[in-house]
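Peer 1: Just so you know, the protein sequences line up as chains A and B, in that order.
Mind the numbering: the first sequence is residues 1 to 113 in my numbering, read in order.
Mind the numbering: the second sequence is residues 1 to 113 in my numbering, read in order.
Hint data in this document are derived by calculation from the structure and do not stem from the laboratory.
Since we're looking at a predicted model, the values are computed, not measured.
Ideal Cβ placement from N, Cα and C applies to all residues, glycine included.
The calculated label-pair distances, taken between Cβ atoms and stated as ranges, are:
1) A:Leu39 - B:Ser69: 34 to 40 Å
2) B:Asp79 - A:Leu39: 30 to 36 Å
3) B:Asn22 - A:Gly99: 22 to 28 Å
4) A:Glu71 - B:Asp79: 45 to 51 Å
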Amino acid sequence: GAGVSQSPRYKVAKRGQDVALRCDPISGHVSLFWYQQALGQGPEFLTYFQNEAQLDKSGLPSDRFFAERPEGSVSTLKIQRTQQEDSAVYLCASSLDQGDEQFFGPGTRLTVL
Amino acid sequence: QQQVKQSPQSLIVQKGGISIINCAYENTAFDYFPWYQQFPGKGPALLIAIRPDVSEKKEGRFTISFNKSAKQFSLHIMDSQPGDSATYFCAASKGSTLGRLYFGRGTQLTVWP
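Make a model of the complete structure from these sequences and hints.
Peer 2: This is the structure in structure tokens:
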């Protein structure tokens with residue numbers, strides 16, 4: 001009964017570097033969400049997948065952000081040419097299906113120097 | 001624009017006391033209102049949730065009160081314990097956005113022994 005796992009837990013990047021953050025959802029969960037949580041703030045929606053289909057990417061802050069879930073399970077959030085304002089905790093959540101309870105992973109704390 | 005407004009930002013309560021956190025929303029399309037609890041270094045975890053067809057929901061020491069006409073909802077923690085010390089987030093979602101959660105900014109609760 002493993003929950004949602006994310007890796008790495010911590011990532012330090014120099015400004016301009018590309019990073020890739022991984023999310024392993026709960027097995028069998030159809031829906032997968034990415035959220036960004038700035039320090040002292042609530043999570044903000046980034047993007048949503050139903051199986052392998054990215055149905056909503058309206059929360060991605062710029063075209064430097066890209067997410068994929070090619071086989072409908074593991075998902076990767078990629079940030080190109082990182083900027084200091086990208087520093088945040090990136091949370092992944094999965095749910096059995098659309099509208100069901102979302103289970104969150106521990107997040108990846110990204111620090112851009 | 002913050003779709004869900006939460007107050008207070010921080011709250012200090014004596015052990016055994018009642019903790020009350022309030023949230024307000026504008027979008028009448030919201031139809032699901034969960035509360036999440038987050039400990040440092042962990043992802044948010046669902047605490048309790050309510051839909052607008054009821055005015056109150058109680059689970060153990062946690063109660064949600066919902067006022068549809070005022071577009072407000074609140075979390076009451078009875079007999080607060082030091083182990084309840086965490087950050088609490090209210091959130092809202094609507095069916096048309098596939099389960100995407102809109103979070104408040106969070107309330108940091110400290111319960112003194």
